[in-house]
Amino acid sequence: MAKTGVQRRGILGGLVLLSIASGLYLGLVQAPPDAYQGELQRIMYLHVPSILTAYLSFLIVFVASCLFLWKRERRDDILAHSAAEIGVLFTGLTIIEGSIWGKSAWGVWWTWDARLTLTAMLFLIFIGYLMLRALIEDKMRAGICGAVLGILGFLDIPLIHLSVYWWRTLHQPPSVLRPDKAPWENVHPSMLLALSANMVAFLLLYFYLLSRRVRIAEMEDELEKTKLYGVT
Amino acid sequence: MRAWGFVFLTYGLVWSAILVYVLRLWRKYRRIKTELALYQREAHRNSSEERV
Numbered sequence: 548m549a550k551t552g553v554q555r556r557g558i559l560g561g562l563v564l565l566s567i568a569s570g571l572y573l574g575l576v577q578a579p580p581d582a583y584q585g586e587l588q589r590i591m592y593l594h595v596p597s598i599l600t601a602y603l604s605f606l607i608v609f610v611a612s613c614l615f616l617w618k619r620e621r622r623d624d625i626l627a628h629s630a631a632e633i634g635v636l637f638t639g640l641t642i643i644e645g646s647i648w649g650k651s652a653w654g655v656w657w658t659w660d661a662r663l664t665l666t667a668m669l670f671l672i673f674i675g676y677l678m679l680r681a682l683i684e685d686k687m688r689a690g691i692c693g694a695v696l697g698i699l700g701f702l703d704i705p706l707i708h709l710s711v712y713w714w715r716t717l718h719q720p721p722s723v724l725r726p727d728k729a730p731w732e733n734v735h736p737s738m739l740l741a742l743s744a745n746m747v748a749f750l751l752l753y754f755y756l757l758s759r760r761v762r763i764a765e766m767e768d769e770l771e772k773t774k775l776y777g778v779t
Numbered sequence: 030m031r032a033w034g035f036v037f038l039t040y041g042l043v044w045s046a047i048l049v050y051v052l053r054l055w056r057k058y059r060r061i062k063t064e065l066a067l068y069q070r071e072a073h074r075n076s077s078e079e080r081v
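So the protein sequences, as listed, match chains A and B. First residue of the first sequence: 548, per my numbering; consecutive thereafter. First residue of the second sequence: 30, per my numbering; consecutive thereafter.
Think of the hints as simulated: they come from the structure by calculation, not from any bench. Take these hints with a grain of salt, some might be off.
Simulated pairs of lysine to any residue, SDA-like, Cα-Cα distance not exceeding 20 Å [said to hold, decoys possible]: (1) B/K62 with A/L757; (2) A/K774 with B/L67; (3) A/K772 with B/A66; (4) A/K650 with B/G34; (5) A/K650 with A/P580; (6) B/K62 with A/D768; (7) A/K774 with A/R621; (8) A/K618 with A/L699; (9) B/K62 with A/E765; (10) A/K650 with A/V595; (11) B/K57 with A/L757; (12) A/K650 with A/L717; (13) B/K57 with B/Q69; (14) B/K62 with A/W656; (15) A/K772 with B/W33; (16) A/K772 with B/E64; (17) A/K618 with A/L696; (18) B/K62 with A/Y776; (19) A/K686 with A/R622; (20) A/K618 with A/M687; (21) A/K650 with B/W33; (22) A/K650 with B/A32; (23) A/K618 with A/D768; (24) B/K62 with A/E769; (25) B/K62 with A/A764; (26) A/K650 with A/D660; (27) A/K772 with B/E71; (28) A/K686 with A/T773.
Sequences are here, hints too, so could you generate the full structure?
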């Protein structure tokens, strides 16, 4: 049974490497430069998948946190904690990518635009989530406090997504997740292919990282039990 | 050429950060696995000594 899990993670790891390689090739070589942004647009092949992966991660935090508050099962708490950690990584990467792109396109590393500010808030909320969990020793209490903060933190995501419609922002409206147009109507097929390949690579990478992170947390629990009670 | 510099900087930073995180997870996994095996061996020995 354990061997099957290891094999599954091995296969997933192989798929991750393959998809990253194809994403890099399509994003850096195959896709044409943008008519307005030129080569700089290639940053979007990382920027868009990063933030969408972060959104997915915090959605998992939200669902797992609700389940934990309802059923109080440790596995839901482990899933929420693991997803939050990886979500923070991808949000941090999104901010770095956006900042580098902004320096070249807007002339500044950072501006207090609504979407940027709300994304920074999301990052800080979940940094706070990880700190809170690290500070509380009792696992059940840490889980409950974390779940409440995780649910509240997730509510920032609809605000981030809609901020470009609600306020006059420097950040452009979405090109892929638009309510009025399908992605293929808005993005050139060769660019959409590169974006899709990178999206798949990020999703596979995300599930690989999540499975490893969850396994580590389970093993930590097992170790703690062994230390306390010996082999059961 | 300047745009490529920004592109490579971004790709370099992103994949390096992900690699560092993956390595950190691997190291933690190996450490816990070793520690768990050690404690389980010790607990088995203790329980068999108690039976004797």
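**Hints breached by this structure** = Violated hints: 14 and 15; rest satisfied.
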